[in-house]
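Asks: Using the sequences plus the hints, can you model the full thing?
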Amino acid sequence: MATGNFETTIGLEVHVEMQTNSKLMSPSPVHYGDKPNENTNVIDFGYPGVLPVANKGAIEFGMRAALALHATVSPFIRWDRKNYFYPDNPKAYQTTQSQTPLGTNGYLDVTLPDGNVKRVRIKEMHVEEDAGKNTHGTDGYSYVDLNRQGTPLIEIVSEPDIASPDEAYAYLEQLRQAILFTGISEAKMQEGQMRADVNISIRPFGSSEYGTKVEMKNINSFNYVRNALIFEEKRQAEVLRAGGIIQQETRRYNEPTKSTILMRVKEGADDYRYFPEPDLAPIVIDQSWINKVANELPKSAGERQNEYVSDFGIAAYDAEVLTQTLAMSDFYDATVAAGADAKRAANYLIGDVNAFMNKHQIELQETQLTPEHLAGMIKLIEAGTISTKQAKQVFEAIMVGEDPEAFAKKNGLVQISDPAILLGWITEVLDNNPQSIEDFKGGKDRATGYLIGQLMKMSKGQANPGIMNKMLLEELAKR
Amino acid sequence: MTINFFDNDLTSLHEQLINKDITAVDLAQSTLDNIDKTDDKLNAFITTNPEEALVQAKKIDEQSDFTNILSGLPVALKDNLATNGIQTTGASRILENFKPVYDATVVDKLNTVGAISVGKTNMDEFAMGGSTETSYYKTTTNAWDQTKVPGGSSGGSAAAVAGGLVPFALGSDTGGSIRQPAAFNGIVGLKPTYGRVSRWGLFAMASSLDQVGPFTRTVKDNALVLNTIAGFDAKDSTSSTREVPDFTSKLTGDVKGLKIAVPKEYFGEGIDPKVAKTVKAAIAQLEALGAIVDEVSLPHTKYGVAAYYIIMSSEASSNLQRYDGVRYGFRADDVKNLEDLYIKTRSEGFGDEVKRRIMLGTFSLSAGAYDAFFKKAAKIRTLLIEDFNKVFADYDVIVGPTAPTVAYGLGEEIDDPTAMYLADVLTIPVNLAGLPGLSVNAGFVDGLPVGLQIIGKPFDEATVYQTGYAFEQASRLFEQLPDIAKQY
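Quick note, the sequences are listed as chains F and B, same order. Going by the working numbering, the letters in the first sequence line up with residues 1 to 479, in that order. Going by the working numbering, the letters in the second sequence line up with residues 1 to 488, in that order.
By construction, these hints were calculated from the structure, which means they are not laboratory data. Heads up, some of the hints might be wrong.
What the hints assert, rightly or not - Estimated spans, in silico, between C-beta atoms of each pair:
id, chain 1, residue 1, chain 2, residue 2, range
1, F, Glu366, B, Glu243, 27 to 37 angstroms
2, F, Asn21, B, Glu15, 20 to 30 angstroms
3, B, Pro50, F, Arg78, 40 to 50 angstroms
4, F, Asn21, B, Ile343, 38 to 48 angstroms
5, F, Arg78, B, Ser347, 31 to 41 angstroms
6, F, Pro27, B, Ser64, 52 to 62 angstroms
7, B, Leu422, F, Lys217, 21 to 31 angstroms
8, B, Ile18, F, Asn21, 22 to 32 angstroms
9, B, Lys376, F, Ser207, 35 to 45 angstroms
10, B, Lys99, F, Arg78, 31 to 41 angstroms
11, B, Lys99, F, Asn21, 48 to 58 angstroms
12, B, Ala281, F, Pro27, 48 to 58 angstroms
13, F, Arg78, B, Glu243, 21 to 31 angstroms
Model, not experiment: these values are computed from the prediction. No residue lacks a Cβ here, since even glycine has one placed at the ideal position from N, Cα and C.
Replies: Written out as C-alpha cells, the structure reads:
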C-alpha cells in the first residue's frame, strides 16, 4: 500500500497461548483468572535442583498449528535456552526453540478487503514458554504472579509479505480463525492468549532494499495493530521526506492518542546467549506421529463452510457465521449428527441461540444447551409433534438444560395431528356454529378465522394448525 | 553401643541389624558421636540433624523392616542435594538458611528404604572447585592428613566416609568431584554413567555433566548403594529408562581375560612420577590376576580441560542465574532498584570461583564468542567421545590415575585457578563422554592415598566394579586406616 512515494513492508510475530492441561515444562495447570501463584510449583518458581520435563501435548498442539498453516514439521527438535533476567522469568531463561523450530515454510492465504487472496508466507513456528506477570503496585512494591509462567506458546513468524495496515489486520483475523479451528486455543485477545509483535519499514517504490525496521511488541488488539501501523507509515514517511533517517528502534503503541512512542533505540541485537537446553533430550518426530496429529486436527473453517454449502444447502453467509468459532461449528456439526434438519439447526444457532448468548453475554459453551437437546427440539418440530409457536417455550427450556421431549410432555406442549380427534372437534364446532357456516358460504372468509379460534380453544392450542385448516375447509365444503 | 564403621561394611551392618545385635539408633548415635569426636578436625559437615536422625532411626527400629541393605544405615549427603525442610546451601552464601520444600530423588530413594540421613556435607561452592576450599562456610581437611585438602568438590562426603564418620555418603561429579576426593581420601567413589541416576533435586552446576554417585569404603558397598539410587525418574528426562542390573553381579575377584586399556596420555606431562609409578604397579597387579593390558591412545585428551571449562561454565552461567534474590535465599540490603538488587545480591552472595565461572560461561555463550568457544568446545566433546568409542570397541575398561597428584596442602593452590583446573585433566573426559568412572585406592605416596581410575562403557558400571573389586581384594589396601581412626 502506498503512502506518497513509499511502499510498506510489514512482518508479524504472533504468540498464541496453547490451552494444554499442564504447562510446557511442569505439571502445573494452565488456567486463566485464578488467584496469583495458585497454579505454580517448585519448577515454575525456578527452585534449585528442579528439572523441566517437556509436555508432549504441547508439542502435538504446536504440530496442529504447523499443519494448519501448511508448514513442514521438523523431524528433530531440541530446546534452547534464551537467557535474560526479569522477575517474571524465574529461571532467568526461557525455554524456546531457536535452532530447530517445530514448523517451517508455511503459509496462510488471506482474503483481503477487496476480495483478492494474498498468500502470506510463514517463516517459522516454534513452541516456547510464556513468562509470568509483573504488576507494579501503588504501594511501592511490584507483585509477581507466576500462574502464566511456563504456559506453552506457539510463536508464528511471518515473512515480510504484508504491505499495509489493512492487510496486517486481515492476516491477524484470519490467522486467529485458523488457530481457533486447530482447537489449541480460544485465542482470546482480552486474556492475552494472542499477542502480536509488529515490524514495519517503508522504502521508496522500486527500491531493492528494505528500509530500517521499527518494532512494536506485545500488542493484544488487532485494531491497535492497525492503528499503530497507520501511524508508523505516516511518521516514517514524514521523517524520510524531511530528509531524516529511520532508526532501528522499539516503539510502543499508545491507544488514547493513536500514536506510537519511542521506547528505546537498538544499538545492535540483544544478546540472549542462546544455547541448547542441557536438561532436555532432543525429540524425534516421525511421520507416524505427524499422521496421528493430522488425523486429530479438526477441519478448517474453510472446509467446513464448503461442506455446509454443498452438503447441507446452507447459504454461504450463514456458513460463515456458523464458522466464526470452533465451538459454534462443532456444536452445529453435533446437532446435525444428532438428527436435526441442517437448515433449521443453522437458523436456530444463528438466530435464537446467538441472541441468547448476546443477551446474557456468554459463550456457547457456557450455556446449558447441548446439541442433543437442540436436535431433539428440531425433531419435534419436524415431526409436527410441536408447533413452531410451542417451540418457543421449548427453546427457553432447553437453554436452561431441560430435555425438550420431557419438557413438552410435562407442559402439554404436544401438537395433535390425529385426523380422528381433529374431525371430532371440527364436527362439534361446526354443529355449534351454524351461523359461521352460513357466513362462510356467503363468502365471508373471516368466518374460518373464528372457527379456527374455537377449535384452538377446544384443543387447548394443541391442534396441528396445518392439518386442522385443511380438514376444516374440507368439512365446510361438505356442509 | 558404639559401632566402628572401619571394621564393618554395609553387609555386616545389615546382618547385625537383622539379627538385632545392633539397632538403627545405635548406628545413628555412633555417627553422631563420631561427628562430635572428630568433626572439629575434619569439618566435613555444614549441617547435621541429630534430632531428626534419631527419630527416624527409632522409627526404623520399631518397624523392624530391614529388607533393603541400606535400611537403618546412616548416610551423609552432599549439601547440593535437596532435603525437604533441612537447610541445603550448595556451600554458597546465596543459599544461606535455604530450606528446600522437596527431596532430591536420590534422597527420596534413600528415605524410602529407611536409610538415616545425618547431615549435609561441605563442598566447594556450587561444586565449583577441587579442594572444598571455595565453600562459604568452612574448610574441610583430608582424613589422612589434616593439613591437606580433602579434594573436591565433594570433599565433605569423602572425608566423612574416609574418617569413619558414616558408612556411606553421596556426592556429585561434574568433572571429577566424586572420584578425585575419593582418590585423595583413599576410598571408593563412583561417577555413574550420565543418565544412570536422577538429577532431580541436585543443584545444577552443568546439567549435561552432573551425576550423583556414592562414596564408600569398599567396592561392594559402592555397588550396593548404586543398586538403590539408580534408575529412571520421570522428573528427570535425561535419566535413562534402561533396566538397572545388580551391580554386584560381577564381584567375583576374577578378571581373567578382561581387556584393559591404558591410555598413554594419562601418564604424560603434569602427572607426578610417584603417582604414575603407584598406578602402574596397581595395573601390573591386575595383569598378574589375568587381565590383558595394552597401552592405547586417547589423542584428544589434552583438549579436554579447555572444552570442559567452556561447556561447564556456559551451562553453569545459565543455571546459576536463578539465584537473583527475588524468591528465596540471600538478598542484599539497601538496593535502589531491580538491577541493583540483582547486582548486589549476586556480588555479595557468590564467591570468587563462582563469579569467575559465571563470567567465563557468559562470555563463551555471547554472540561474538559462541562459535569460537561454546560451539568449538562441543565439537571437541564429540571427538573425545569418538576417542573412547574406538578404544571400547576392543577393550572392556580403561584404567589410569584419578588425579595427577596426591592431596596437596590447604591453601596451596586456591589462588591459582589454572593449576586447579589442569588437575582435572584425567577425570574431565569421562564426564564429557558421559561414561562411568570409579576411583579406588591404588596405594600411597608419602603417606597419602593415590587413586586408580577405572572407566567403563556407557551403563557398564558392573564391569567397572568387577575390575575395582578384583584389585581391592588382591591389594586389601582398604585395611589401612588413617590416624584419625584411632579417635574411636
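Asks: Looking at the structure, which of the earlier hints fail to hold?
Replies: 1, 2, 6, 7, 8, 11
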